Structures are given as C-alpha cells and as structure tokens.
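Asker: In case you want the letters, here they are:
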Amino acid sequence: MNAVTANAKRASAFLTVFLKEVRENLRDRRTIITALVTGPLVGPMIFALLLGSMLSRELDKAEQPLHVPVIGAERAPNLIDALKAGGIVPQAAIANPEQAVRRQDTDVVVRIGGNYAESWRKGEPVQVEVIFDSSQRDANTSVERVSRLVEGYARQQGAMRLVARGLSPGTAWPISVARRDQATAQARGVLMFNMLPYFFVITIFLGGMYLAIDLTAGERERQSLEPLFANPVPRWKILAGKLAAICTFSCISLLITLAAFAVLGPFVPVDKLGMELNLGAHFAGTVFLLMLPLVMLIAALQTLVAAFAKSYREAQMYVSLLMFVPIVPSLLMAVFPIKAKAWMYAVPLLGQHLGVMGALRGDGVSLQQVLYCLGGTLAAAVVATLITAHLYRSERLAISG
Amino acid sequence: MIEVKDLHKAFGAIKAVDGVGFSARDGQITGLLGPNGAGKTTTLRMLYTLMKPDRGQILVDGIDAAADPLAVRRQLGVLPDARGLYKRLTARENIDYFARLHGLPENELASRREALVKALEMEEIADRRTEGFSQGQRVKTAIARALIHDPRNVILDEPTNGLDVMATRALRQFMLKLKAEGRCVLFSSHIMQEVAALCDRIVVIAHGRVVADETPQALREQTGETNLEDAFVKIIGSEEGLAA
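Going line by line, the protein sequences match chains A and B.
So that you can map any letter, position 253 of the first sequence is 253 in UniProt numbering, and since no number is skipped, the others follow by simple counting.
So that you can map any letter, position 153 of the second sequence is 153 in UniProt numbering, and since no number is skipped, the others follow by simple counting.
No lab work stands behind these hints: they were computed from the structure.
There's no promise every hint is true.
What the hints assert, rightly or not - Label pairs and their calculated CB-CB ranges:
1) B:68 / A:317: 53 to 61 Å
2) A:323 / B:8: 51 to 59 Å
3) B:1 / A:30: 41 to 49 Å
4) B:128 / A:332: 51 to 59 Å
5) A:22 / B:162: 29 to 37 Å
6) A:26 / B:180: 38 to 46 Å
7) B:128 / A:323: 34 to 42 Å
Claimed, not checked - With a Cα cut of at most 27 Å, we get these calculated DSS-like pairs of lysine-lysine:
8) B:87 / A:310
9) A:310 / B:118
10) B:118 / B:177
11) A:237 / B:118
Unchecked claim - Computed footprint of chain B on chain A, listed as stretches where at least three residues anywhere in the stretch have a Cβ under 8 Å from a Cβ of chain B:
12) 11-20
13) 219-227
14) 231-243
Remember, it's a predicted structure, so these values are computed and weren't measured experimentally.
The beta-carbon is built from N, C-alpha and C at its ideal position, and this holds for glycine as well.
Required output: the full structure, derived from the provided sequences and hints.
Answerer: Below is the structure:
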C-alpha cells in the first residue's frame with residue numbers, strides 16, 4: 001500500500017484540474033455555444049448591422065431629395081426656388097405642424113408668415129419658422145439642411161440689397177467664421193465606436209461565465225466539491241486549475257471575436273463618410289494584449305461571486321449582474337468625453353477602453369500606456385485572485401447541505 | 001489506524017461535536033453509530049480535514065491532522081456524505097481524475113483502476129457517462145475513486161444510504177474484503193443491523209458525545225439486553241432518529 005515509485009511519471013495537480021475542467025466543459029453544449037458562438041459572434045454582428053444602418057441612413061439624408069411640408073409656399077416663390085435648388089422637395093401644407101413633428105410624421109416643417117410678401121416688398125425683416133423636435137436626433141440632418149438653405153438664401157438676398165444701395169456686403173458681416181475640422185478620418189469614426197471596447201469585455205465575460213458558475217457553485221450543488229477537497233491537493237492549486245480553465249475559454253472567445261471583427265470590418269461602409277477603420281491584425285494583437293490581465297481579473301471576480309452564492313441559480317444571477325459593471329467606462333466616455341490622463345490607463349476597464357480606442361483611432365498606444373494598463377489591471381487581478389483563494393479556504397465552501 | 005482524541009466543534013451556539021474520542025484499528029471495521037444529527041458527519045469531516053476541530057487531536061497512522069493535513073488525506077480513502085460525480089465524464093474518467101489528484105504514477109493508474117472496476121463489478125458501466133447512473137452505480141464509482149490510491153485507512157459516511165438490498169449486500173461484502181486486506185475501515189451509519197453485522201467495534205455517538213465504545217458482544221452484556229436494538233435504545237436514552 002502507498003507504494004512509492006521514485007521516478008514514476010505523475011500528473012501535476014494544477015494540470016489535472018485544468019485539463020479535466022476543459023474536457024468536461026467541452027462536452028457541455030450550452031457552455032460551448034455561449035463561449036464559442038453566441039458570445040463572440042453576436043457582438044460583431046450587431047455592431048456591424050447597427051453601424052451599417054446608421055451610416056447608410058446618414059448618407060441617405062445627405063444625398064437624397066428631402067421632402068418638407070411648407071406652409072405658405074405661395075407667399076415666397078423665390079425662397080421656394082432656392083430650397084428646391086438645394087434638393088428640397090416642398091410638400092403641401094399640413095394643418096398641425098407642431099404635432100406632426102412630435103409624432104415623427106415628418107422631420108421638419110417650414111412655415112412662412114402671412115405678412116411675408118408685404119414685408120419683403122417694404123424691405124423689413126421677415127420671419128421663416130423651421131419647426132422640428134430636437135429630441136428626435138434622427139431628424140438633425142434634415143433640420144440642419146433646411147436651416148442652412150434658408151440662412152444662405154437670407155444672406156444672399158441681404159448682400160444683394162447692400163450692393164443695390166452701394167455698400168459692400170462686408171459691412172454687414174465684419175467677421176466670417178471659417179470652420180476647419182481637424183478631426184482625422186479615424187477620429188470621426190471613433191465617436192461611433194465608443195461601445196466597441198465593451199463588446200470585447202462582454203465577450204470575455206460570456207466566454208468564462210458558465211465555467212465560473214459551474215466550477216464552484218455548480219460543483220457544490222452537485223455535491224462533488226467535498227470529495228474533491230478530500231484529495232491531498234492544496235485548495236489553491238485546485239483554484240488555480242479552475243481559473244486557468246476559465247481564462248482559456250475567455251481567451252478563445254476573445255480571439256474569435258477579434259477574428260470576426262477583422263473579417264466584418266471591411267464590409268462596414270465607413271469609407272463613405274471618409275473614415276478609416278483599423279481592425280486588422282495589429283489592432284487585434286493590441287486588444288488581446290491589453291485584455292489579457294482583464295481576462296484574469298474577470299475570471300477571479302466571477303469565481304468569487306459564484307463562491308458566495310448558495311446555489312447555481314443564485315450564482316447565475318450574481319454573475320449576470322456583474323456583467324453590467326464593465327459598461328460603466330464606455331458609457332462615461334460616451335457621455336463625458338474627458339481627456340485621457342496617464343493614470344486612467346492604470347484603472348481596470350477604463351485603461352482597456354482608452355487603449356482600445358487609441359488603437360482604433362489609428363494613433364496607437366504608447367509603451368507607457370500599455371504598461372500602465374497591464375500593470376494596473378494585473379495588480380487588481382492578483383488582489384481578486386488572492387481574495388478568491390482566501391474564500392476557497394473557508395470550511396463552508398465545500399459543504400452543500 | 002485512526003486515533004481521535006477529545007474532538008470539539010461548534011457552529012455558532014450549536015455544539016455539533018462535544019468531546020468525541022475513539023480509535024479505529026487496522027484490520028478491523030469500526031462502526032460510528034448514532035441517530036441523525038448526532039455529530040457523525042461532522043466528526044468524519046474533521047477526520048478527512050475538510051473542517052478544523054475547535055479542540056482535540058486527530059492522528060492517522062501517527063500523523064497529526066492539524067500539522068500535516070495533506071499527508072493525512074494521502075493516508076485516507078474517503079466516501080463523504082456528498083458523493084457527487086462529474087456527470088459529463090465517464091466512470092473511468094471520474095476515477096482517473098482522482099487518481100491523478102492523488103499523484104498516482106501514470107504507469108500504475110490503469111492497472112489500479114481496472115482492479116477496482118473488477119472488484120466492484122462495474123465493467124458494464126465503466127465507459128458510460130455518469131449522468132443517469134442509479135444510486136448504486138454512483139456509490140460504486142465514488143468508492144472506486146476514493147480507493148484508487150490504495151489507502152490504508154478507509155472512511156465511509158453512511159455508505160449504504162439510498163441503496164437497494166442487492167447493492168447493500170454487495171457493499172457489505174466489499175467492506176469485509178477491505179478488512180481482510182488489513183485496512184482500517186471506519187464507517188458511519190444509523191442502521192443498527194448493519195453495524196451489528198459488520199463491526200468489530202461499535203462507537204455510539206449521541207448529542208455530540210461518545211456514549212459507548214465496545215464490541216457488539218460487550219455492548220449486549222453491558223446493557224443486560226440480549227437484543228442489540230434494545231441495547232442501543234438504552235444507551236442513547238431515546239428511540240429518536242434510529243432506524244431498524
């Protein structure tokens with residue numbers, strides 16, 4: 001009994017746990033579908049579809065004839081001609097323009113006042129109302145187009161009146177604003193890509209989620225954790241094997257997502273708006289590097305949360321709630337576009353967000369930023385792992401009853 | 001050889017184990033008998049170092065469990081109260097997993113495993129995934145993985161729980177075989193017939209304390225009852241929680 005052969009080949013406990021968890025979970029259809037199909041692929045698909053439709057809608061509005069109901073068109077035939085020249089197709093007047101705009105029946109309505117013709121002849125200022133609802137962001141392009149045409153016409157007519165009186169048009173406009181947009185093509189595109197880092201984080205989450213729940217809460221519920229802990233292996237080694245399995249699934253999910261983005265990227269019609277997207281191998285490599293410590297952090301957090309739960313279902317609920325945490329930096333950066341400071345790269349999630357956006361923008365990520373990002377998140381991951389290991393030592397963890 | 005000295009364990013205000021001490025010798029079957037909730041499972045959990053006692057000492061083959069829990073676990077084969085298997089693995093894969101965690105050399109693993117598969121008559125089910133196993137098939141698999149490292153001491157927590165008559169008989173035969181091989185077998189039960197039929201020594205636990213530690217024969221003599229059932233009731237002081 002207990003025969004010990006000195007040089008015999010023995011499996012390491014860490015590797016044994018890791019391989020067993022990977023093998024067992026590869027046999028679970030739900031885990032596989034979540035980690036390798038829905039998790040990594042749904043994100044890029046939704047993203048490409050959303051972005052594609054958004055871009056083509058903007059483009060449509062800029063190029064296509066715009067149908068605008070005009071009230072009192074007969075009073076200002078020259079203004080209407082100017083609008084027509086700008087690609088606007090005047091429509092018949094409608095009874096209640098305010099309501100129509102609010103109900104989104106039409107994006108914008110033009111109303112020409114009853115005294116327009118008379119005032120115009122006298123050379124007095126006249127009013128043209130542009131009725132719209134600014135909360136309908138969809139309508140912004142249309143409103144902008146109509147307003148510009150009306151203002152352009154007004155300026156043109158004003159200039160002609162000044163010339164007729166022998167004055168230079170410059171007298172009325174001592175300052176002219178010249179807008180020079182310095183945003184590069186990539187930077188413009190980036191505004192719409194603020195949610196991209198979140199997709200990567202979600203993929204990591206979904207990739208490891210079922211494993212994290214199964215390997216702690218699931219094992220306890222199925223009553224296999226107690227016999228497992230009766231083996232002569234320190235618990236931290238068991239935990240390490242389990243975490244490694246979770247990380248592996250998360251990494252594979254992330255790689256699939258990155259590959260999907262690389263494949264889908266060229267099909268997104270960003271070039272139509274004069275943007276450029278950088279979703280190739282270099283981008284994928286940078287994202288993967290920045291996300292690596294985050295994979296470890298998320299695996300530890302998911303395990304920690306699952307270990308707290310009394311049952312599989314409870315663990316599922318907690319872990320799902322945890323998934324809303326990483327949306328915070330993306331939302332913050334979308335709502336308050338603050339200037340990135342160096343220390344921000346060291347904050348987990350925020351650092352990854354900034355790093356991914358930098359890589360996407362095309363101006364790249366500096367070595368210092370990469371180091372901050374890796375270091376900060378790695379430190380958090382180590383702390384989370386240590387806390388989880390501590391929890392794993394508790395007597396109550398193994399007991400299911 | 002398992003020696004337990006004055007074990008105490010409390011969960012909050014509840015004293016689950018309150019001064020348990022006994023010895024289980026090699027080549028003997030020792031039965032831990034007591035009503036439900038008497039502290040049997042908690043005592044065993046401290047033996048296989050899942051829990052730390054508040055007070056007292058545990059020696060397994062002379063190794064102190066508090067000083068070197070890993071070494072103690074290496075000396076033990078354990079069938080805990082919780083005997084969950086990995087349902088997406090086959091019976092053989094379940095056994096191999098524990099074999100590797102015990103650090104069994106790869107070249108010995110297959111022969112050890114097949115010997116147990118044969119001894120427990122589980123050839124038919126060994127390559128099936130354990131999902132959908134009957135209670136008996138599950139216990140067999142759990143025992144095989146508990147004994148894969150050829151432990152000198154075997155701890156079985158209510159091993160016949162939920163088994164039918166045939167499976168129970170087979171398991172009892174197996175326990176006698178372990179005894180004949182010279183191992184120290186310690187098992188808990190709340191079924192006296194079972195304990196009476198198998199044990200060389202009976203440790204009766206009630207309310208977290210040892211109330212008797214005798215051979216079945218001495219137990220009868222001590223209580224003056226010829227029937228073991230009456231003897232138990234007399235020792236424990238009530239019929240609560242005992243099953244015939």
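Asker: Against this structure, judge whether each hint is valid.
Answerer: Results of checking the hints against the structure:
1. B:68 / A:317: 53 to 61 Å: Violated, at about 40 Å.
2. A:323 / B:8: 51 to 59 Å: Given range 51 to 59 Å: violated, Cβ gap about 44 Å.
3. B:1 / A:30: 41 to 49 Å: At roughly 47 Å between Cβ atoms, residue 30 (chain A) and residue 1 (chain B) fall inside 41 to 49 Å, so the hint holds.
4. B:128 / A:332: 51 to 59 Å: Taking Cβ atoms as reference, residue 128 (chain B) and residue 332 (chain A) lie about 53 Å apart, which means the hint holds.
5. A:22 / B:162: 29 to 37 Å: holds, 32 Å
6. A:26 / B:180: 38 to 46 Å: holds, 42 Å
7. B:128 / A:323: 34 to 42 Å: holds, 36 Å
8. B:87 / A:310: OK: residue 87 (chain B) and residue 310 (chain A) at ~21 Å, within 27 Å.
9. A:310 / B:118: violated, 38 Å
10. B:118 / B:177: Given pair residue 118 (chain B), residue 177 (chain B) holds - Cα atoms ~13 Å apart, limit 27 Å.
11. A:237 / B:118: violated, 32 Å
12. 11-20: holds (count 5)
13. 219-227: Satisfied; 7 residues make the cut.
14. 231-243: holds (count 4)
Of the hints listed earlier, those the structure fails to meet are numbers 1, 2, 9, 11, in rising order.
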